[in-house]
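*Asks:* Here is how the chains run, residue by residue.
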Amino acid sequence: MILAYLALSMPILPALLSLVKWKQLNESQRWFCGLLWFIIVVSFTGRWWALVVMKNNLPFFYIYILGEFLFFLQIFRLWFGQSIKDRVWIRLGVLFSIVWTINVFTGEGWWAFPDYIRALESILLITIVIIWFQKMLREKVILHPYKTFEFWISAGLLIFLSGNFLLFVFSKLILNAGKEVFLAIWKVNAILNILLYGMYTIALVWVKRTIK
Amino acid sequence: MGEEDNQIVLIFVVSAAFVVLLAILLVLFLVIYQKRIVHQEIQLQKLQNERQQVLLKATIEGQERERERIAKDLHDGIGSLLSGLSLHLKFQKDKEANDSDKKEFLVQACKLVDEGIHNVRNVSHNLLPSTLEKFGLISAIKECIQPIDKASPISISLEVPFESYPIPKNVSLGLLRVFQELIQNTLKHSNGSEVIITLEYKPKIITMTYFDNGTEVDRSKLESNGIGIKSIQSRIHALEGSFSMSIDNGFSVNIEVPNGLNT
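Chains X and W, in that order, give the protein sequences.
Numbering follows the working numbering, with no gaps: position 209 of the first sequence is 209.
Numbering follows the working numbering, with no gaps: position 235 of the second sequence is 447.
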């Protein structure tokens with residue numbers, strides 16, 4: 001339980017730090033700050049919904065997935081700059097939104113666990129992160145990548161999404177195995193969540209004032 | 213949880229841990245690899261810079277040697293020839309009667325030859341400033357200033373330290389050439405009335421500041437680094453010094469060059 005609450009409240013740390021450092025943030029970092037606050041609002045509203053209104057708060061998870069993906073597309077669009085054309089990002093965003101809409105309004109809809117859509121989001125984001133790392137290697141500019149904001153966000157995403165990938169792909173199997181099994185495995189997600197937001201916090205620590 | 217459930221949890225946790233470990237290893241590999249290739253890139257850049265520096269030094273040294281050769285050729289060849297011619301003409305002139313046309317012609321010829329000798333000496337002197345070798349940088353700059361101060365309306369002042377020390381020839385020659393380039397720039401492009409040159413001999417570096425109060429300096433020429441400015445930059449770069457300029461309320465240049473003695 002403690003682990004779950006810790007994972008839930010973990011985004012507050014980087015979100016507050018991003019507000020403290022707001023003046024030093026560049027455009028992509030401000031979008032990232034927006035993403036953090038979006039996550040906080042959705043997560044806490046979802047938690048409140050689960051406690052007060054009804055137990056199934058999965059629609060919030062769906063909103064979270066779409067919002068997170070679109071925010072990250074915008075952040076990566078700014079990072080890649082001219083090397084990837086804007087229309088690629090727009091197409092990716094539109095296509096994902098269409099798949100998301102189909103997933104939400106067909107079958108069990110958004111009351112069912114978002115296994116495929118989360119897996120798809122993970123695959124797309126992991127691919128973008130790998131392309132980003134490739135770009136970093138190709139450019140041969142940054143001597144200490146671990147001292148950059150971009151590195152920690154990308155590394156965090158890569159570790160979190162790849163670690164969670166099995167959980168989302170095999171979520172139906174895990175859910176069928178019983179609630180106890182699901183909760184035990186869900187702890188892995190909580191640990192990865194703490195790790196992810198810890199890395200987001202480190203990323204924001206490395207934010208330096210931009211000289212214009 | 214039953215035995216089977218435990219096994220499912222274990223398999224899942226181990227698999228997830230394995231994937232996370234792989235991701236961490238990938239990130240670590242990226243960091244190490246990136247550091248290595250960027251380090252190599254920096255080393256390569258450093259080597260290229262050093263090679264350029266050597267080439268630049270060699271080019272400037274070659275230029276100076278060529279100037280020296282031309283100066284000597286002028287002085288010993290054409291200079292001597294003109295001096296001989298002047299002597300002959302003067303001798304011939306003295307032999308002629310005072311009011312003859314031939315005498316008048318020879319007087320004019322002597323004047324022209326003397327002017328030629330004077331010009332050859334000046335060119336030769338500019339190419340090979342012997343004062344620099346004999347008396348040092350300060351005297352050489354003073355010598356350059358004198359004729360300009362007399363011939364142009366610009367007032368030139370040189371501020372020098374009380375204590376100076378001998379500096380290597382390449383440094384003093386470099387600074388003198390830079391000064392000559394700057395003063396030429398002022399004479400050609402500036403509407404200023406005053407030029408101040410300051411020399412400072414610090415323990416490890418020599419600083420030269422040049423200020424010209426002209427306000428109509430062509431900014432675009434300076435920003436695009438004209439040939440004169442490029443030549444100054446190359447010389448300073450060859451001396452491993454630094455160069456900065458500004459065009460606020462006049463044109464000022466600040467040069468710092470290691471003295472090459474204590475470093």
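Think of the hints as simulated: they come from the structure by calculation, not from any bench.
Do not rely on the hints blindly, as some may be mistaken.
[As the list claims (entries may be wrong)] Straight line, CA to CA, 30 Å or less: simulated DSSO-like cross-link-like pairs of lysine-lysine:
(1) W/LYS305 - W/LYS346
(2) X/LYS208 - W/LYS258
(3) X/LYS208 - W/LYS247
(4) W/LYS247 - X/LYS85
(5) X/LYS147 - X/LYS55
(6) W/LYS247 - X/LYS140
[Claimed, not checked] Partial chain W-side listing against chain X, Cβ under 10 Å, derived:
(7) ASP217
(8) VAL225
(9) ILE254
(10) HIS330
(11) ASN331
(12) SER405
(13) GLY440
Here the structure is a predicted model, which means the values were calculated and not measured.
Virtual Cβ for every residue (Gly too), placed ideally from N, Cα, C.
*Asks:* Please go over all the hints and tell whether each is borne out by the structure.
*Replies:* Here is how each hint holds up against the structure:
Between W/LYS305 and W/LYS346 the CA atoms are separated by roughly 38 Å; this puts the pair beyond 30 Å, and the hint is violated. Restraint check for X/LYS208 and W/LYS258: satisfied, since their Cα atoms lie roughly 27 Å apart, inside the 30 Å limit. Note on X/LYS208 and W/LYS247: the hinted pairing holds, with a Cα-Cα distance of about 20 Å set against a maximum of 30 Å. Annotation: proposed proximity of W/LYS247 to X/LYS85 holds, straight-line Cα distance about 28 Å (limit 30 Å).
The straight-line distance between the Cα atoms of X/LYS147 and X/LYS55 is roughly 42 Å, outside the 30 Å bound, and the hint therefore fails. Between W/LYS247 and X/LYS140 the CA atoms are separated by roughly 9 Å; this keeps the pair inside 30 Å, and the hint holds. Restraint check, W/ASP217 versus chain X: the minimum CB separation of about 5 Å is within 10 Å; hint holds. Against a cut-off of 10 Å between C-beta atoms, the interface hint on W/VAL225 holds, since the closest Cβ of chain X lies about 6 Å away.
Interface hint status for W/ILE254: upheld, as the beta-carbon distance to the closest one in chain X is roughly 7 Å, under 10 Å. Residue-level restraint check for W/HIS330 is violated (minimum Cβ-Cβ distance to chain X is 56 Å; threshold 10 Å). The beta carbon of W/ASN331 is not positioned within 10 Å of any beta carbon in chain X (closest approach about 53 Å), and the interface hint is therefore violated. The criterion of a C-beta within 10 Å of any C-beta in chain X is not met by W/SER405, whose closest approach is roughly 38 Å, and the hint is violated.
A hinted interface residue such as W/GLY440 counts as satisfied when its beta carbon comes closer than 10 Å to some beta carbon of chain X; here the least separation is about 31 Å, so the hint is violated.
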